[in-house]
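*Asks:* Sequential numbering from 4 applies to the sequence shown in the working numbering.
Hints were generated in silico from the structure; no laboratory data involved. You may find that some hints are simply not true.
[Stated by the list, open to error] Label-pair distances were calculated between CB atoms; the ranges are:
1. Thr73 / Ile155: 10 to 20 Å
2. Lys100 / Arg166: 17 to 27 Å
3. Lys44 / Lys16: 18 to 28 Å
[Unchecked claim] Heads up, simulated DSSO-like pairs for lysine-lysine below, C-alpha to C-alpha not over 30 Å straight-line:
4. Lys69 / Lys125
5. Lys108 / Lys67
6. Lys180 / Lys125
7. Lys16 / Lys141
8. Lys162 / Lys108
For each residue, glycine too, the CB sits at the ideal point set by N, CA and C.
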Amino acid sequence: MQDVSVKSFWNEKWAKVDFGKETKTCNYEISNYGRIKSVDKLTGRERLLRGAKARGGLIMLNQKLKDDSTGIVYIHRFVAENFVPRPSDDKDYILHKDYDKANNKWNNLEWATELEWKEYQKQNPNHKGRPARTRNYKLTESQVRMMKRMLIRGKTKRKIIARKFGVSENCAYKIEKGIRWGHVNIDEEDTAAES
């Protein structure tokens, strides 16, 4: 007869997943190594599962339940809650020590506070963060000042002013209304003197 159980690694412990509702045909277990297995309710046959990759790269187990709703468990959170002791209640975040979100072994996971998580993200080589502001502007601040003066004066059409400065008419409109380059101010006296 064929063996129907999954071979466990040395020191591997399994914990049953509770979705809060009954599953259809199998029960599910996750180990401290981050492995997932299904156990057939009728035959007891065990199978290893890969899990699904969520948008951010985290591995999750999502299954249809008996009432046709979906049960979702993030593997790293399940392993941490069941196999990694939480040092204090204010540590709600879970870090992957090697920055690999697919490595959900208990010894690769660590509880952290929000502040520790933010510091971790700064050091994370996989986290690109917010891109630096580009410095390749079409206009300089002095050109924007000149453009704003011309637009306020109203003697020349916006379309012609935009063409003169090499920008779109929409860009000229946004500069005039202060949506873009709103931090650049022109002196009211300069505008009045030029009129």
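*Asks:* A separate judgement is required for each hint: does it hold in the structure or not?
*Replies:* Verification of the hints:
1. Thr73 / Ile155: 10 to 20 Å: 58 Å, violated
2. Lys100 / Arg166: 17 to 27 Å: For Lys100 and Arg166 the Cβ distance comes to about 57 Å; the hint is violated.
3. Lys44 / Lys16: 18 to 28 Å: 22 Å, holds
4. Lys69 / Lys125: 42 Å, violated
5. Lys108 / Lys67: Satisfied, since the Cα-Cα distance of roughly 25 Å is no more than 30 Å.
6. Lys180 / Lys125: 37 Å, violated
7. Lys16 / Lys141: Violated, because 61 Å separates the two Cα atoms, which is more than 30 Å.
8. Lys162 / Lys108: 62 Å, violated
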